[in-house]
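Protein chains: 4
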Amino acid sequence: MKALVYNGPHLKSVEERPKPTLEQPSDAIIKITKTTICGTDLHILKGDVATCKPGTILGHEGIGIVDSIGVGVTSFKVGEKVIISCISACARCDNCRKGMYSHCLNGGWILGNTINGTQAEFVRIPYADTSLYHIPEHVDEEALVMLSDILPTGFECGVLNGKVQVGATVAIIGAGPIGLAALLTAQFYSPSKIIMVDLDDNRLKISEKFGATTTINSSRNDATKLIMSLTGGLGVDTAIEAVGIPATFKLCADIVAAGGTIANIGVHGCKVDLHLEKLWSQNITIKTRLVDTISIPMLLKTVLAKRINPKLLITHHFKLSQIIEAYDTFGSASKTKALKVIIEA
Amino acid sequence: MKALVYNGPHLKSVEERPKPTLEQPSDAIIKITKTTICGTDLHILKGDVATCKPGTILGHEGIGIVDSIGVGVTSFKVGEKVIISCISACARCDNCRKGMYSHCLNGGWILGNTINGTQAEFVRIPYADTSLYHIPEHVDEEALVMLSDILPTGFECGVLNGKVQVGATVAIIGAGPIGLAALLTAQFYSPSKIIMVDLDDNRLKISEKFGATTTINSSRNDATKLIMSLTGGLGVDTAIEAVGIPATFKLCADIVAAGGTIANIGVHGCKVDLHLEKLWSQNITIKTRLVDTISIPMLLKTVLAKRINPKLLITHHFKLSQIIEAYDTFGSASKTKALKVIIEA
Amino acid sequence: MKALVYNGPHLKSVEERPKPTLEQPSDAIIKITKTTICGTDLHILKGDVATCKPGTILGHEGIGIVDSIGVGVTSFKVGEKVIISCISACARCDNCRKGMYSHCLNGGWILGNTINGTQAEFVRIPYADTSLYHIPEHVDEEALVMLSDILPTGFECGVLNGKVQVGATVAIIGAGPIGLAALLTAQFYSPSKIIMVDLDDNRLKISEKFGATTTINSSRNDATKLIMSLTGGLGVDTAIEAVGIPATFKLCADIVAAGGTIANIGVHGCKVDLHLEKLWSQNITIKTRLVDTISIPMLLKTVLAKRINPKLLITHHFKLSQIIEAYDTFGSASKTKALKVIIEA
Amino acid sequence: MKALVYNGPHLKSVEERPKPTLEQPSDAIIKITKTTICGTDLHILKGDVATCKPGTILGHEGIGIVDSIGVGVTSFKVGEKVIISCISACARCDNCRKGMYSHCLNGGWILGNTINGTQAEFVRIPYADTSLYHIPEHVDEEALVMLSDILPTGFECGVLNGKVQVGATVAIIGAGPIGLAALLTAQFYSPSKIIMVDLDDNRLKISEKFGATTTINSSRNDATKLIMSLTGGLGVDTAIEAVGIPATFKLCADIVAAGGTIANIGVHGCKVDLHLEKLWSQNITIKTRLVDTISIPMLLKTVLAKRINPKLLITHHFKLSQIIEAYDTFGSASKTKALKVIIEA
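Chains as they are written, first to last, in numbering that gives the first Met the number 0: chain S, 0 to 344; chain B, 0 to 344; chain A, 0 to 344; chain R, 0 to 344.
Everything labelled a hint here was simulated from the structure, so no lab data went into it.
Identical copies carry no separate label here, and so any pair may be met within one copy or between two of them.
Below, computed lysine-lysine pairings styled on DSSO-like, alpha-carbon distance capped at 30 angstroms: (1) K52 / K277; (2) K336 / K192; (3) K310 / K334; (4) K300 / K162; (5) K305 / K224; (6) K249 / K162; (7) K300 / K277; (8) K1 / K30; (9) K300 / K249; (10) K11 / K277; (11) K97 / K192; (12) K334 / K11; (13) K52 / K30; (14) K300 / K204; (15) K33 / K192; (16) K224 / K270; (17) K30 / K310; (18) K76 / K97; (19) K192 / K305; (20) K318 / K208; (21) K33 / K45; (22) K277 / K97; (23) K192 / K76.
I would like the entire structure built from these sequences, with the hints used as guidance.
This is how it looks when you write it as structure tokens:
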């Protein structure tokens, strides 16, 4: 089968690989129909993710059709359509029992990282019963590729962790795909203000279409000053960090109200300063999270009920044979205006 | 009346001052019977608290008797015994409505800071209806001085913010009065392990008496290594920072389990490093808080029910005329083994 | 001044009464600009509310202008526009401290019940600081009359108590004004299905306009059967009782899913059967509540942010001199299709 | 093997049965070392549990040793010691994902009900990975038999559902084994008062030893009056129903404070009256629950930490061959003073 293989820092290629086979009773083999590329895949390609060894097939998102199942799999049958979670959850360890699948002691984020991933014609999914989700009849399947990772991440790490409340004020720092996923899902809770901050006017324009009530280009404006002024000097109830650098974390800490919450989604490469000499008395909460994807069933219901349209995040389409081109497009987002790209296998 | 007055950095004296008078309809004048000294008073005397101007009477803790009340006060009568909260709460601003009295837009921590405090024969208490608490008959009043600040601080900022759970593992870094207050109140929730870390063997010995299941002298031991080993390599569910310096905050971040919580009580004088390059994916929560004292009524019930004995924290007694000596004793705690000192007015 | 006075069961009249005066330091006198009639007023007129004595001016909703304030009032000034809460909250008793204003030990629901109410030119409001809310500039004031009682009741007693969740299934039994208020505010949380049940086709048609995803006329249909079928045999996550009779409570109990919640808003006149022989093992929650109106500030933010349009509930307008006619219209809702009527003073 | 078999209403016998065998990949066969009898077993024997057919081996509690495992079982090995949950949880259905194992769509309470149970030398446990729990070294194993059902039931259905709070007031109606399990586990949260109500003086005496602060024999006293007086006329924060008849539910409703919670543990055989004409405005919560046993790991930690001593509940010991005698003893508890009986296999 065809697969996109990581060959070490800055090296990737489309290769012919053997179709995966069942290894454990809880495994399923899924024939991929659609997959996508994540910012994390770009991190791997830069060599930033030490756990991912050269030779690994990348990709941890996608939808497909059950091709075969292990003897222990009881929730899925061959031929059924499924969403693949980016997180493999054994459902039996202490962390899974708490709903913290991201820290599953037997799985977690392993797809396209420590085991072969979804940017291929087939993929082996461990703990299939609790790492796959049924796709109902008569639903736009393409939208559901967004449920593998990006929507749950925006929702769980940004919106749930940020305790977005009805009538409250939210600032999202970073209007890339993940910030936009937080923007879309924050609206589930009807906040009164959602302020988007980014350096890219195109993304801010998209933010407005997606429901932002205010947008701020921080390259031309003092975001802290503007946000404090918009909130009567009090700051925001929720600040969502969706970039992953010290400057954006600092902005969150500068604008969070007493009693407010900073939800970190960004993947950070270095430490940040935490000004506890000011914040110790501010009754704030800072939360971090690797997505657990426990919200997939709930998000699926909101898609079916048309409370959210995840397709808004999809800007480009490619065939699996064009995946190198897809990477180029996704990797030059400021030029191509790409958000999420769909790759049909 | 006699009062302990802050006269600028490193300067304090017992002075004769006029008895305070009612200024607002919501004021009450309280005749102090017992007060105490807080670590924060020492901070003020170092010149660290810019809001406290020379000439201010210090002190924000104590119990007393209602001497007079403004026309708007309905919950208290002259002659009644009361606990004074260290936080003055108007109960009508947005923050008070949320129970965040510490950030009361009309009060907050003002006693012995921006207005005259409790280390005197009388004190004026603004918003008396919601800043004082009745003392029931037949109760050991001295114990209740601990309800003005230190027990609510240990409980709200450490235990509640730290989400201490039944059966869980807690580490408290710092076994000073505030760490010990967290230790006493953490036991309300029956955690299975409470590990105390300090540099002072005497305080660790006290910790054991107060209910710690393990004590670690971090001057002689690698606390991180020991705690990780005690928790099967997972780390603690709750890490309570009760010192206020970068090293102790770092220790908390090093020992907190995936999914765990760091509760900061310490008053920090400078920024700390937050290693988000590791923590971004660890599903942790960091919480800060200036005590709200909303737990005073509940803590009072636990004292009356003998579920907690706050007198354990009291080591020394002085008369108001000896308050300079009381400051010396409290300020040399490693030598005098002082925890909290009672000053009788 | 003119006022609508309850003169005993089935007796009411517009009378000339003296303008109220300040009695306590915490009082304010409000010049009413707009008020409305509540289903509870009809209950009083039937003689069902023993606490309301003949001679009482009715009404517990409305907006107005501060006419005078007691010396203890600090949050409001003469001439300011205000929303009147139907609940008078002292903010200093144990129940108010918990946010349970409805059970304020010094107030609670007293307006138009044990003291004179708002269906008059002026009204005295006890505990004005915490029983009134500022009206901002440039807002459609009429909509805010809905914040005195009906919207907080639908939201607090129905939606919050019912734990309405994103993606979940909600049934509201009763499409009168209060059921419709629950319908409007349930949408703050983006449930996937909201099923309205009523006997009146007009109200069901309105429900559809207000956002119901399914409507059921239970006079012509087996509501239980239909709802179980709509939910795959599982039942609804939240069942909101908005009528107040045994049959509608039974319907809620019959359709609630294992793990689900029944939120009772209805004012019941007699006991109901609770089938614990079936429900003991169903992991359900039943909640009751007299509105606390703690959500007024939050609801105000959602109105300002146009996340909700309370004017949808207003169907008729009258002058205070026409209030008898207003009662007739409101009391014959099935004929007049009245929801809420506005009375201008 | 020997087993206790239900042969229809009022009929049971010790019979020789074939040792169970693995049927599904997720099964394990457990050699029972200790089991016990539950009040529910008596219900079955009365013919009250229609799902339990004649011929079924009874029992849903116990500890044992893994005898064999299916190919899908990954968390347990042959020879390991285990606690058996009374609830079989597939961990993959929607209800299990929410932690509501009691309503597992593939399991739930099936042991000794719809499939053969634990009152035998061996038992087949479906979904072994998530229905068994490891027993650590050097622990008193007998105490752990109480973790199969009774302690989790008292804790989850009574204490957690009852939202027992630090400093609060709790009444437990019924001092049988399940009420006593609630009493023991309520103390995890340090309530200030725990009032036990029963008709049996012996059980009330035991309650005192177990930590009750007040006991009331309701055959000789007006429990409602006494409890209202003990709580200053306000009622209790938490009322736990641990009997299962209309009179005890009514008592709970009569004594619950405004804002309080009724937690039902009792297995009811008929409907009860719910006086919504009084309770609609009282801001109360009523909760029901079939035990989920999600608290077993946490309870195990509290046993290991000696925060609770479940052996207090054990009054009698028998061999499996004496199980008929054990049933007689357990069934005549008022005479034999039996709480829980241990049966060694």
